[in-house]
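Between the sequences and the hints, there should be enough to build the whole structure, so can you do that?
Top line first, the protein sequences correspond to chains Z and D. Per this note's numbering, the first sequence starts with residue 988, numbered consecutively. Per this note's numbering, the second sequence starts with residue 988, numbered consecutively.
Honestly, I wouldn't trust all of these hints.
The list treats identical chains as interchangeable, and a pair is accepted whether it falls inside one copy or across any two copies.
[Said to hold, decoys possible] With a Cα cut of at most 27 angstroms, we get these calculated BS3-like pairs of lysine-lysine:
no.: 1; residue 1: LYS1076; residue 2: LYS991
no.: 2; residue 1: LYS1075; residue 2: LYS991
no.: 3; residue 1: LYS1075; residue 2: LYS1169
no.: 4; residue 1: LYS1047; residue 2: LYS1075
no.: 5; residue 1: LYS1048; residue 2: LYS1059
Don't read these hints as lab results, they were simulated from the structure.
As a plain string of letters, each chain reads:
Protein chains: 2
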Amino acid sequence: MSAKIRLYVDHLLGPGQSVELTREQAHYLFGVMRLAVGGHVALFNGKDGEWLAKVAEAGKKGGKLTCQTQSKPLHMPPDLWFLFAPIKKTRTDFIVEKAAEMGAARIMPVQTQFTNSERIRQDRLQAHAVEAAEQCGGTFVPEVADLQRLDRVLDDWPETRQMMFCDEAEVGSALRLAAQEKGQPWAILIGPEGGFSDRERARLSGLPYAHVVSLGPRILRADTAAVAALTMWQQALGDWL
Amino acid sequence: MSAKIRLYVDHLLGPGQSVELTREQAHYLFGVMRLAVGGHVALFNGKDGEWLAKVAEAGKKGGKLTCQTQSKPLHMPPDLWFLFAPIKKTRTDFIVEKAAEMGAARIMPVQTQFTNSERIRQDRLQAHAVEAAEQCGGTFVPEVADLQRLDRVLDDWPETRQMMFCDEAEVGSALRLAAQEKGQPWAILIGPEGGFSDRERARLSGLPYAHVVSLGPRILRADTAAVAALTMWQQALGDWL
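Pasting the structure below:
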């Protein structure tokens, strides 16, 4: 028995556990996906792995599912933070989606000197991360943090966490990531579309835990750079085989 | 003297060369970007590198630029074809944009057994490739081919061209691309959202020039897979340092 529909729920999951659906979830499962009583869904909550659940009650405003068996154990991503400077709305949504799909553990929008946006909709971005996890078969949902100023984030930086810092002004200095030790806490920082300011670049370059990496000879849009940087890191130090 | 605005033109470029603008180009430069006579633009045509040009005449329906000096030589991408199965419109546009940004030399939409779309707007996709080249500072524009059936493309496949074939069903068989010889003609093939059919997978796996590559433990959307695959290839065999 397997389920095609995957749903994130904010609820404990375990054998026989009953899961109440919200109005939106009921609308999605019964209205959009045409599921009925007796149908199956795969549930995950970011903590207990993936569970096969059966529809026990289906209504317009709600419903109830019963957990049956665990279909996947929890697969935690590596301890990787993903920091980026928000850009235009659609591209920001894409960046969050990509970071979740590519296995970032925590997504942190940061405000740089050249960042266009003053604020973000954290709840909206979190919803994109949930949707990405539903789509990509993940059992973990990265937390999307609120927008913080990059300089403040650096002030409080945990010294044991390495940082891969992608700077379009740096060409040819590709880090041999493969030479680094695996299993360490890391972060990836992607600059804004206008690049980092000279002051930011100077500060970042001087940090003992920062490693500048080049993303090739072409200038990449921020959302492309996000996937490229995550690919490089996951291949060298993450959970890609 | 440098120009912030980059424009692709279908015109010869060289010292003193005069370039007539189309109505759309004139609207963009003079209406949207507020450029005036004496202003500068960077031009490229995919063949002659990038040229600094000066606005000689500016009108609502057209205009004229005069080429001055070459600001960048032609940078050809590696001999890499990028094959993908078109999906929903917006994602297809993104895939073409990403492939152009990431340095594919030729973009080939292919129809697989599980491809949703029966046809594409080739002119529209080509325009996206041009725009991506304008944005990413490239001097080359990949050609977007018309939609072809995958089995026909394989029937006519040049035997000397290697193929990196990304299959979500294959986990853990990451090819050591780095062990391959550099400077060879290659192609990347990304499957449709629904994956390849069993028949397609069997045929692809049996091809002597096909190399199956895994894109990690999570299922990636097609546009994410495109960037991830291009990153892997460019790092191992392409023009990334």
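Which earlier hints turn out false for this structure, listed by number in ascending order? Those not satisfied are hints 3, 4, 5.
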